[in-house]
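Novice: Here's the letter readout for the chains.
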Amino acid sequence: MSAFLARARRHVGFQIGAVLLLLFVGTALVSVFWTPYPVDELAMRFKLRPSSPEHWLGTDHLGRDVLSRIMVGAQTSITVGLIAVVLGMTVGVTLGAWAAARGGWVDEALSRTSDLIFAFPAVLIAILITSVLGASARNAILAIAIFNIPVFARVTRGASLAMWSRDFVRAATAMGRGPIGITLRHVLPNIMSVLIVQATIQFAVAILAEAGLSYLGLGAQPPVPSWGRMLRDAQTYIFQAPELALWPGLAVALAVLGLNMLGDGLRDLLDPRLRLMRVG
Amino acid sequence: MSISRRHLMGVGAFALLPALGPEAWAQAKDRLVIGMSLEPPVLDPTKNAAAAIRSIACPSIFESLGRIDRNGEIKPGLAESWKISEDGKEYVFKLRSGVKFHDGEALDAAVVKFSVDRLFAADSTVPAKSLYTDIEKVEAVDPTTVKVTLKSPNSYLLYNLSLGDAGIMHPKSAATNDKKPVGTGPFAFKERKEGDSIAIERFAGYRDLGDIKLKTIVFKVVKDPSAQVSALLAGDVDTFPGFQAPELVDRLKKDNRFAVVVGTTEGEVIMATNNGKKPFDNLKVRQAMAHALNRAELIDAESGFGTPIGSHFPPHNKAYIDLTKTYPFDIAKGKALLAEAGYPNGFEATLKLPPVGYAQRAGEVLVSQLGKIGIKVSITQLQWPQWLSEVFKEKNYDLTVVAHTEANDLDRYARDGYYWNYDSATFKARWREVVAATDFTKRDELLKDCQRIIARDAVNGFLYQLAKIGVWKKELAGMWENDPSPSADFSGVHWK
Chain A
1 MSAFLARARR HVGFQIGAVL LLLFVGTALV SVFWTPYPVD ELAMRFKLRP
51 SSPEHWLGTD HLGRDVLSRI MVGAQTSITV GLIAVVLGMT VGVTLGAWAA
101 ARGGWVDEAL SRTSDLIFAF PAVLIAILIT SVLGASARNA ILAIAIFNIP
151 VFARVTRGAS LAMWSRDFVR AATAMGRGPI GITLRHVLPN IMSVLIVQAT
201 IQFAVAILAE AGLSYLGLGA QPPVPSWGRM LRDAQTYIFQ APELALWPGL
251 AVALAVLGLN MLGDGLRDLL DPRLRLMRVG
Chain B
1 MSISRRHLMG VGAFALLPAL GPEAWAQAKD RLVIGMSLEP PVLDPTKNAA
51 AAIRSIACPS IFESLGRIDR NGEIKPGLAE SWKISEDGKE YVFKLRSGVK
101 FHDGEALDAA VVKFSVDRLF AADSTVPAKS LYTDIEKVEA VDPTTVKVTL
151 KSPNSYLLYN LSLGDAGIMH PKSAATNDKK PVGTGPFAFK ERKEGDSIAI
201 ERFAGYRDLG DIKLKTIVFK VVKDPSAQVS ALLAGDVDTF PGFQAPELVD
251 RLKKDNRFAV VVGTTEGEVI MATNNGKKPF DNLKVRQAMA HALNRAELID
301 AESGFGTPIG SHFPPHNKAY IDLTKTYPFD IAKGKALLAE AGYPNGFEAT
351 LKLPPVGYAQ RAGEVLVSQL GKIGIKVSIT QLQWPQWLSE VFKEKNYDLT
401 VVAHTEANDL DRYARDGYYW NYDSATFKAR WREVVAATDF TKRDELLKDC
451 QRIIARDAVN GFLYQLAKIG VWKKELAGMW ENDPSPSADF SGVHWK
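Protein chains in written order, with this note's numbering: chain A, 1 to 280; chain B, 1 to 496.
Keep in mind the hints are simulated off the structure, nothing from the lab.
One or more of the hints may lead you astray.
To be verified - The following residues of chain A were derived to be distant from chain B, with all beta-carbon distances above 12 Å:
1. 33
2. 36
3. 129
4. 168
5. 180
6. 219
7. 229
8. 235
Stated by the list, open to error - Taking lysine to any residue and the SDA-like style, the derived pairs with C-alpha atoms no more than 25 Å apart in a straight line are:
9. 223(B) <-> 245(A)
10. 376(B) <-> 28(A)
11. 393(B) <-> 127(A)
12. 393(B) <-> 217(A)
13. 372(B) <-> 224(A)
14. 253(B) <-> 245(A)
15. 254(B) <-> 212(A)
16. 223(B) <-> 216(A)
17. 376(B) <-> 245(A)
18. 253(B) <-> 136(A)
19. 254(B) <-> 63(A)
20. 325(B) <-> 339(B)
21. 223(B) <-> 212(A)
22. 395(B) <-> 72(A)
23. 372(B) <-> 44(A)
24. 223(B) <-> 238(A)
25. 254(B) <-> 40(A)
26. 29(B) <-> 257(B)
27. 253(B) <-> 45(A)
28. 333(B) <-> 40(A)
29. 220(B) <-> 239(A)
30. 223(B) <-> 48(A)
31. 393(B) <-> 136(A)
32. 372(B) <-> 72(A)
33. 253(B) <-> 242(A)
34. 473(B) <-> 238(A)
35. 254(B) <-> 136(A)
36. 372(B) <-> 63(A)
37. 179(B) <-> 114(B)
38. 325(B) <-> 44(A)
39. 335(B) <-> 72(A)
40. 372(B) <-> 48(A)
All figures in this text were calculated on a predicted structure; none of them were measured in a lab.
Cβ coordinates follow ideal geometry from the N, Cα and C atoms, glycine included.
Start from the sequences, fold in the hints, and give me the full structure.
Specialist: See the structure below:
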């Protein structure tokens, strides 16, 4: 652990990523208890105001405080992103580990299925799911989770297969341990670092996907603030209040940049020999 | 090598400029590019209900017996005069003589009979069929006389026969009018570029050719409001007769090349309410919601464009009465009524929104306004096909926001199984009197009564009348500032 911290101290990208992530999570946490203004308070008389001491980031087309909405928007992003990644990861890791442990037709079937899902553009799948099930934050989570499954399945399978050929795993097999026991005790703990890195990167992808779906009207439903939705609304007022598009855009960019830098940093720090292929 | 080639191309372009200049300038004088927000699926108003068809083809391509003028009054169209019998059941139309279709066919009483017969026939698939079902029979008395006999008097018949929905079509071309429309109007269909534009051209065989100044009209589809502004500013489009983004109007007002004219439409924006579903079947609940509406705030969200309404009736109509004070904005009263209705802590409801700007904006404002009397509203955004099936057909909704743009659409409140699930014997009786009235002063009084009934019953949340925002180049004359019907008449439009 101390060695990790010592290396982290020299890794600038990791530090920037960590700071941005802290800012992102911090904003979301603060917004649970406090925002400068009630997030849904309409004040038509003050609509489309530029930045001022009262409204640091100005107000939107319904006179709502943009800073408050950006803060609560962080909550939406984290909720959707986190649940989607955890769901996708749980299913994906299970399937990937099963494929590696069992091999044979199971492996073949799972690999080809994940190839099939990869062949479709992720956003297209998401649009398909949300238009069939209806637009809501829950269905957006589901859609993002589904295209996370093959990502984790593939990474888990690849890393696990390498483990299965290692001597200590062979020894465990020779001692008569079953595949589930070996997977839980030897394989998964040893590929944890790979999964953490992948999860960080997928979190960034999920936030971007949530913003994209909300922009299309398929994510969190108004008046719940969401960065993608704010961008969509701002587009209409681009001639009058261009800064309205700037703030949510900047928020998405910083959150995604932060998570990506953190992910890259973690990869370098946890296993310098590892060079993961970026998927998604 | 590359430098010299670029150089040559530059010379070429300059050499061409003087030659193109004057010609392009002269062309601009009789060519008009009209911007449209929506693309029509087909071009035949008897095959599809889309308003975009009417604003392109009626009456430029298809003419009707009467013609609705810029004040909403009925003027002679293909019929130069008509007589209505004492009992209101017989209409005798005298047709203009010498009228030709774009393909050279002549118009006569048999053609009119064919067209009107199609509207009310038992197997008719015309979207506006219900407007014409009071017709019993149509007879061609002689080549220029048509007699229409009704089962019962219908005071809206003349208006309905003047709508684009009753456009006169020739038996030979009726089947192909959706792709290649052939009518008698001042403009003939030229070409359609799917997803981009539709061009029509002055018809050389038109009866009053001298009055038609424009030679070509191009309808260009630009869906995104910001792109519409860019198209206007760049000069790609000369006008948006119905500009749909009130929030961008200020940007256009700043540019003195354009005239921005605010007129009225027949479009009532309402918070449609499912009267057949709990708890909205309870009058007290609907009254409580009516008290929660702050129309000033809703109109503010439309950048101030719109006139508050208290019933389902356009303020520019002679028979309009102001009913916005039936249930005035009063949160305490709203809460009290909800408590009386048995919902002291309010309830939860969903608001299903179609993908249009005014609905999206009104939606968020309504969530806040209804929230103040304790109704927790959550929004679901739908695409138009979903909205049409879930809300309009299956009536699977609590609340929605939509503009009803048809003229004389109070009859919806008398229809069985319409998507509001409103069923009032009082209203139905009164509406039957309206339709049967032969005296128009008396009809106006009855219409006022109809407005009062649905306002009192708080059938829907009556929000505001859509404004028509017309934007056009200042040199353009003759554009209509109001939309008295879904059609758009460009026959008097010309460049100054």
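Novice: Each hint should be assessed against the structure and marked as holding or not.
Specialist: Hints versus structure:
1. 33: Answer for residue 33(A): holds, closest chain B Cβ roughly 21 Å.
2. 36: Per Cβ check, residue 36(A) is outside 12 Å of chain B; nearest 18 Å; holds.
3. 129: 14 Å, holds
4. 168: 54 Å, holds
5. 180: Consistent with the label, residue 180(A) stays out of reach of chain B, its closest Cβ about 43 Å off (over 12 Å).
6. 219: Per Cβ check, residue 219(A) is inside 12 Å of chain B; nearest 10 Å; violated.
7. 229: 10 Å, violated
8. 235: At roughly 6 Å from the nearest Cβ of chain B, residue 235(A) sits no farther out than 12 Å, so the non-interface label is violated.
9. 223(B) <-> 245(A): 20 Å, holds
10. 376(B) <-> 28(A): 24 Å, holds
11. 393(B) <-> 127(A): 24 Å, holds
12. 393(B) <-> 217(A): 23 Å, holds
13. 372(B) <-> 224(A): With Cα atoms ~17 Å apart, residue 372(B) and residue 224(A) stay inside 25 Å; holds.
14. 253(B) <-> 245(A): 23 Å, holds
15. 254(B) <-> 212(A): Cα-Cα ~33 Å, so violated.
16. 223(B) <-> 216(A): 15 Å, holds
17. 376(B) <-> 245(A): 29 Å, violated
18. 253(B) <-> 136(A): It is violated: about 38 Å lies between the C-alpha atoms, which goes past 25 Å.
19. 254(B) <-> 63(A): It holds: about 23 Å lies between the C-alpha atoms, which stays within 25 Å.
20. 325(B) <-> 339(B): Since the Cα atoms of residue 325(B) and residue 339(B) sit roughly 22 Å apart, the hinted pair holds (cutoff 25 Å).
21. 223(B) <-> 212(A): It holds: about 20 Å lies between the C-alpha atoms, which stays within 25 Å.
22. 395(B) <-> 72(A): 34 Å, violated
23. 372(B) <-> 44(A): 16 Å, holds
24. 223(B) <-> 238(A): 16 Å, holds
25. 254(B) <-> 40(A): Distance of about 32 Å is beyond 25 Å: violated.
26. 29(B) <-> 257(B): Holds, at about 16 Å.
27. 253(B) <-> 45(A): The given pair, whose Cα atoms are some 21 Å apart, holds under the 25 Å limit.
28. 333(B) <-> 40(A): This hinted pair holds, its Cα atoms lying about 23 Å apart.
29. 220(B) <-> 239(A): 22 Å, holds
30. 223(B) <-> 48(A): Distance of about 24 Å is within 25 Å: holds.
31. 393(B) <-> 136(A): 22 Å, holds
32. 372(B) <-> 72(A): Cα-Cα ~21 Å, so holds.
33. 253(B) <-> 242(A): 18 Å, holds
34. 473(B) <-> 238(A): 23 Å, holds
35. 254(B) <-> 136(A): 40 Å, violated
36. 372(B) <-> 63(A): Given pair residue 372(B), residue 63(A) holds - Cα atoms ~17 Å apart, limit 25 Å.
37. 179(B) <-> 114(B): Cα-Cα ~20 Å, so holds.
38. 325(B) <-> 44(A): Within the cut-off at roughly 22 Å; holds.
39. 335(B) <-> 72(A): 29 Å, violated
40. 372(B) <-> 48(A): Answer holds: residue 372(B) to residue 48(A) is near 23 Å, not above 25 Å.
Comparing the model with each numbered hint stated earlier shows that hints 6, 7, 8, 15, 17, 18, 22, 25, 35 and 39 do not hold.
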